[in-house]
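Student: Here's the letter readout for the chains.
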Amino acid sequence: MALNQIASSSSRSNLLKPLITLFRPFSSSPADNTILTVETSVPFTGHNCDPPSRTVETTPTELLGFFKDMALMRRMEIAADSLYKSKLIRGFCHLYDGQEAVAVGMEAAITKKDCIITAYRDHCIYLGRGGTLVEAFSELMGRKGGCSKGKGGSMHFYKKDGGFYGGHGIVGAQVPLGCGLAFAQKYSKDGTVTFALYGDGAANQGQLFEALNMAALWDLPAILVCENNHYGMGTAEWRAAKSPAYYKRGDYVDGMDAFAVKQACKFAKEHALKNGPIVSTFIQLLFYYRLVSQSNAALERLHWNKQIRYRRQRILCSIGNMTAALSTPCSIIKFFGSFPFIILEMDTYRYHGHSMSDPGSTYRTRDEISGVRQERDPVERIRKLVLSHELATEKELKEIEKEIRKQVDEAIAQAKESPMPDPSELFTNVYVKGFGVEHVGDYGEFSIEIRLSGEKEGSEMPPLSTAEGWCGGRLGLEAYLLGFEGMDFSQILSYTEGNESFNQEAETSRPKLCFGISGLNMKPYTKIKVGYAYNRGPVPHFDPMRPLA
Amino acid sequence: MLLHELLLFEALQEGLEEEMERDPRVCVMGEDVGHYGGSYKVTKGLATKYGDLRVLDTPIAENSFTGMAIGAAMTGLRPIVEGMNMGFLLLAFNQISNNCGMLHYTSGGQFTIPVVIRGPGGVGRQLGAEHSQRLESYFQSIPGIQMVACSTPYNAKGLMKAAIRSENPVILFEHVLLYNLKERIPDEEYVLSLEEAEMVRPGEHVTILTYSRMRYHVMQAAKTLVNKGYDPEVIDIRSLKPFDLHTIGNSVKKTHRVLIVEECMRTGGIGASLTAAISENFHDYLDSPIVCLSSQDVPTPYAGTLEEWTVVQPAQIVAAVEQLCR
Numbered sequence: 001m002a003l004n005q006i007a008s009s010s011s012r013s014n015l016l017k018p019l020i021t022l023f024r025p026f027s028s029s030p031a032d033n034t035i036l037t038v039e040t041s042v043p044f045t046g047h048n049c050d051p052p053s054r055t056v057e058t059t060p061t062e063l064l065g066f067f068k069d070m071a072l073m074r075r076m077e078i079a080a081d082s083l084y085k086s087k088l089i090r091g092f093c094h095l096y097d098g099q100e101a102v103a104v105g106m107e108a109a110i111t112k113k114d115c116i117i118t119a120y121r122d123h124c125i126y127l128g129r130g131g132t133l134v135e136a137f138s139e140l141m142g143r144k145g146g147c148s149k150g151k152g153g154s155m156h157f158y159k160k161d162g163g164f165y166g167g168h169g170i171v172g173a174q175v176p177l178g179c180g181l182a183f184a185q186k187y188s189k190d191g192t193v194t195f196a197l198y199g200d201g202a203a204n205q206g207q208l209f210e211a212l213n214m215a216a217l218w219d220l221p222a223i224l225v226c227e228n229n230h231y232g233m234g235t236a237e238w239r240a241a242k243s244p245a246y247y248k249r250g251d252y253v254d255g256m257d258a259f260a261v262k263q264a265c266k267f268a269k270e271h272a273l274k275n276g277p278i279v280s281t282f283i284q285l286l287f288y289y290r291l292v293s294q295s296n297a298a299l300e301r302l303h304w305n306k307q308i309r310y311r312r313q314r315i316l317c318s319i320g321n322m323t324a325a326l327s328t329p330c331s332i333i334k335f336f337g338s339f340p341f342i343i344l345e346m347d348t349y350r351y352h353g354h355s356m357s358d359p360g361s362t363y364r365t366r367d368e369i370s371g372v373r374q375e376r377d378p379v380e381r382i383r384k385l386v387l388s389h390e391l392a393t394e395k396e397l398k399e400i401e402k403e404i405r406k407q408v409d410e411a412i413a414q415a416k417e418s419p420m421p422d423p424s425e426l427f428t429n430v431y432v433k434g435f436g437v438e439h440v441g442d443y444g445e446f447s448i449e450i451r452l453s454g455e456k457e458g459s460e461m462p463p464l465s466t467a468e469g470w471c472g473g474r475l476g477l478e479a480y481l482l483g484f485e486g487m488d489f490s491q492i493l494s495y496t497e498g499n500e501s502f503n504q505e506a507e508t509s510r511p512k513l514c515f516g517i518s519g520l521n522m523k524p525y526t527k528i529k530v531g532y533a534y535n536r537g538p539v540p541h542f543d544p545m546r547p548l549a
Numbered sequence: 001m002l003l004h005e006l007l008l009f010e011a012l013q014e015g016l017e018e019e020m021e022r023d024p025r026v027c028v029m030g031e032d033v034g035h036y037g038g039s040y041k042v043t044k045g046l047a048t049k050y051g052d053l054r055v056l057d058t059p060i061a062e063n064s065f066t067g068m069a070i071g072a073a074m075t076g077l078r079p080i081v082e083g084m085n086m087g088f089l090l091l092a093f094n095q096i097s098n099n100c101g102m103l104h105y106t107s108g109g110q111f112t113i114p115v116v117i118r119g120p121g122g123v124g125r126q127l128g129a130e131h132s133q134r135l136e137s138y139f140q141s142i143p144g145i146q147m148v149a150c151s152t153p154y155n156a157k158g159l160m161k162a163a164i165r166s167e168n169p170v171i172l173f174e175h176v177l178l179y180n181l182k183e184r185i186p187d188e189e190y191v192l193s194l195e196e197a198e199m200v201r202p203g204e205h206v207t208i209l210t211y212s213r214m215r216y217h218v219m220q221a222a223k224t225l226v227n228k229g230y231d232p233e234v235i236d237i238r239s240l241k242p243f244d245l246h247t248i249g250n251s252v253k254k255t256h257r258v259l260i261v262e263e264c265m266r267t268g269g270i271g272a273s274l275t276a277a278i279s280e281n282f283h284d285y286l287d288s289p290i291v292c293l294s295s296q297d298v299p300t301p302y303a304g305t306l307e308e309w310t311v312v313q314p315a316q317i318v319a320a321v322e323q324l325c326r
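Protein chains in written order, with the UniProt record's numbering: chain C, 1 to 549; chain W, 1 to 326.
Derived from the structure by calculation, the hints contain no laboratory data.
Careful, some of the hints might be misleading.
To be clear about the criterion: a stretch of chain C counts as covered by chain W if any three or more of its residues have a C-beta under 8 Å from a C-beta of chain W, and this derived list gives those stretches [to be verified]:
(1) 163-171
(2) 205-214
Derived Cβ-Cβ restraints for the label pairs, each shown as a range [unchecked claim]:
(3) W:141 <-> C:57: 51 to 57 Å
(4) W:41 <-> C:217: 21 to 27 Å
(5) C:219 <-> W:93: 26 to 32 Å
(6) C:191 <-> W:201: 54 to 60 Å
(7) W:129 <-> C:90: 41 to 47 Å
(8) C:42 <-> W:53: 35 to 41 Å
(9) C:236 <-> W:141: 36 to 42 Å
Below, simulated SDA-like cross-link-like pairs (lysine to any residue); rule was C-alpha separation at most 25 Å, straight line [said to hold, decoys possible]:
(10) C:85 <-> C:145
(11) C:113 <-> W:76
(12) C:189 <-> W:35
(13) C:112 <-> W:76
(14) C:144 <-> W:109
(15) C:189 <-> W:22
(16) C:85 <-> C:402
(17) C:266 <-> C:34
(18) C:87 <-> C:417
(19) C:144 <-> C:430
(20) W:44 <-> W:5
(21) W:44 <-> C:187
(22) C:160 <-> W:167
(23) C:189 <-> W:23
(24) C:113 <-> C:169
(25) C:113 <-> C:191
(26) C:160 <-> W:97
(27) W:49 <-> C:190
(28) C:160 <-> C:171
(29) W:41 <-> W:59
(30) C:189 <-> W:48
(31) W:182 <-> W:200
(32) C:189 <-> W:112
(33) W:182 <-> W:37
(34) C:160 <-> C:414
(35) C:85 <-> C:353
(36) C:144 <-> W:112
(37) C:113 <-> W:112
(38) W:49 <-> C:217
(39) C:189 <-> W:52
All figures in this text were calculated on a predicted structure; none of them were measured in a lab.
Using N, Cα and C, we set each Cβ at its ideal position, and we do this for glycine too.
One chain only, chain C, in its complex shape (with noise of 0.2 Å):
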């Protein structure tokens, strides 16, 4: 279940221990395996293949599953919500209320091998693909903590053991990337899919096509899912989109019901595992032209192109009239051919404006968001059916709610107490394995353990200063000394390289340099120059007597 997943995952915590002891004695608890069948709300639209039933099953644990994510994924937005007008989330901040149905849905139909990929409304889908509260909250907040070590932020969360791949700031740039994973899956033949999410205004990318294009070309199990919540940033679809139907979107999914993503989301990854990928619109309403200008006996003999040409206004009007066909719930437009790979579109909301900086009320009105949240609010829709299957009391579940928002009052507070990241962490992960950015100069955080060799001199001295510096080389470092503070090389009798930990991968992501070093006068020092040279690999060995100068 999706929410012992989170309890697991989240370490130890006792936050969700009254939550589950809650859960056992509901008044009336079917036994888990009972199947309950639950109807979408409305049927689902496709083209070139047969869409799935209405019919969805479910068992009573999948449905109270899908209201606590639920209810918890929309409280923590609404949370994020005040942290960033108290300033302690800053910069963007993407809220996901309203579309819960979406990620919620979509993770009931898959496994954490299957990869999801999205855009920067990506906090809820986070949660589902198995991330905590806290390291949420410590991202958004930019602490330690965090998934990313809070040098992510809200728009870069990512979760590799859940199969989550963010994250993304650039709208449209996770598209390829997620063919890029699908090409992975097929090339390692791992019978998993992936989920690739963008929004309606990322269906205006020319990427997207070119996308679209390679994955129906090399038939990769990928399944672009477009959550089209109506709104690109501030301008609405009709108004970036020529041809809303053209430029988006697929097989039409009602997004605000959970229990239709998760049929939805099931199909296409079952289809996509057994036939491919499935076509695009787009490449379907190339055909359909044929089919329109085809169907005029006197154009039949005319190539293709030149119907194109002369039929430009029938054509246009066709897409009109398919446009009026796809927004009808029970069309279904089977063309020929059978080609493989799967767009859905999501028809979902979102109730906030497009980030925390976009009041959401200037190009909408707000009975416009209030309609939707009455009529197609998700979470509600999820609380109907459990009160009608008599699975929980309305009192159970305000209790559920309840207990959720202490729990995330309390992620918060532990999140506020993560630190922030170390300075040091600034240079750290730029490069793999400590390799790049080099210091030479005046770091804080870099300094050198100096002492000096007992064997030459017979004595043994105190460390002369000493911190951890951060280094490391794959095949192995070569550290060489630029310079000292009031002191240069000539000074310097014997060189002894250090301890073999940096020669090896180090436990710390900090091992220790120690040099050792003998020499006359010497003066303590706070601060080494020191270059590297990585990845030597067979060249000889440093000479610490060779004079640099």
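Based on these hints, arrange chain W on the given structure of chain C.
Tutor: What follows is chain W alone, placed relative to chain C:
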């Protein structure tokens, strides 16, 4: 030591093939790399040997297939992206900068992107402005990537192998005019270091730092200079990001004069960064200001004579050295 003779593109192919043999996760993607064999024959024969998925012919969509390579690298594959011409990779700049360079950092170290992006760049023989671009100056500020430039068959093969084995994203700059250079390289396997510069000709009077095709112009000028009695030290810096300040520093401390000869533009080029790096670190060792000879800040014209004067010629190098050593 047993040697065999081959051309630079064959050396690249050899390196690539050895790495593909060694690690099944290595794959190639690019335009015309598969059935066509690569527009410069670097991937010739690989598709028949390794199959269409491993040597992938992509459509002409640089932005997305570079993105695809990066996505695949996030899961552990080691793709090599070939840009048919480096200039085309400008279309993929977003993917290279934001995703390739930064993902390791923004994910807090969770994902590594062991991708190699390679392709020919540089001024060729009257290829026109858009096909004669030097992208090393545009890419150099991207944090998180490494850049190397190969110039001989020996270092081409070594750098190719090192780049593929590296866990960091590496951009390997080749040059359109250098693909047919012939050299004898060792039979046995060797991998060069990605951060090391190459001492081409040791000397005493002046340090000449160069890379890629300009190395040959410099060596030509060096002949003239030797006849005139100068003793230039020529270093092929190879590693464009980061600079091998160890080798360069040693040289500067010996000769006290630096001349940088590059094919990049003057403004914001590799030479500009190198000048800054040397001035900061070795200022006390310099007897005279660093001289940087770069291409003119103009789009490369088509006309042959004009194109010749866009890039640095040996005569200019000789004149600069004479000026410097006065």
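Student: Does residue 44 of chain W pair with residue 187 of chain C here, judged by a C-alpha cut-off of 25 Å?
Tutor: Holds: residue 44 of chain W and residue 187 of chain C sit about 21 Å apart, inside 25 Å.
Student: For the pair supplied as a hint, residue 160 of chain C and residue 171 of chain C, confirm whether the alpha-carbon distance does not exceed 25 Å.
Tutor: holds, 21 Å
Student: For the pair we were handed, residue 160 of chain C and residue 167 of chain W, check the Cα-Cα distance against 25 Å.
Tutor: holds, 17 Å
Student: Mind taking a look at whether chain W covers the stretch 163-171 of chain C? Criterion is 3 or more residues with CB to CB distance under 8 Å.
Tutor: Coverage by chain W holds here, the residue count being 6 at a Cβ distance below 8 Å.
Student: Given the proposed pairing of residue 113 of chain C with residue 191 of chain C, does the C-alpha separation stay at or below 25 Å?
Tutor: holds, 9 Å
Student: Verify the CB-CB distance for residue 42 of chain C and residue 53 of chain W against the hinted window 35 to 41 Å.
Tutor: For residue 53 of chain W against residue 42 of chain C, whose Cβ atoms are near 39 Å apart, the range 35 to 41 Å holds.
Student: Is 54 to 60 Å respected by the C-beta to C-beta distance linking residue 191 of chain C and residue 201 of chain W?
Tutor: holds, 57 Å
Student: Are the Cα positions of residue 49 of chain W and residue 190 of chain C separated by 25 Å at most?
Tutor: holds, 23 Å
Student: For the pair supplied as a hint, residue 41 of chain W and residue 59 of chain W, confirm whether the alpha-carbon distance does not exceed 25 Å.
Tutor: holds, 18 Å
Student: Are residue 189 of chain C and residue 52 of chain W close enough, with their CA atoms no more than 25 Å apart?
Tutor: holds, 15 Å
Student: Given the proposed pairing of residue 266 of chain C with residue 34 of chain C, does the C-alpha separation stay at or below 25 Å?
Tutor: holds, 20 Å
Student: Given the hinted pair residue 189 of chain C and residue 35 of chain W, is their alpha-carbon gap at most 25 Å?
Tutor: holds, 23 Å
Violated hints are absent here; each numbered hint is respected by the structure.
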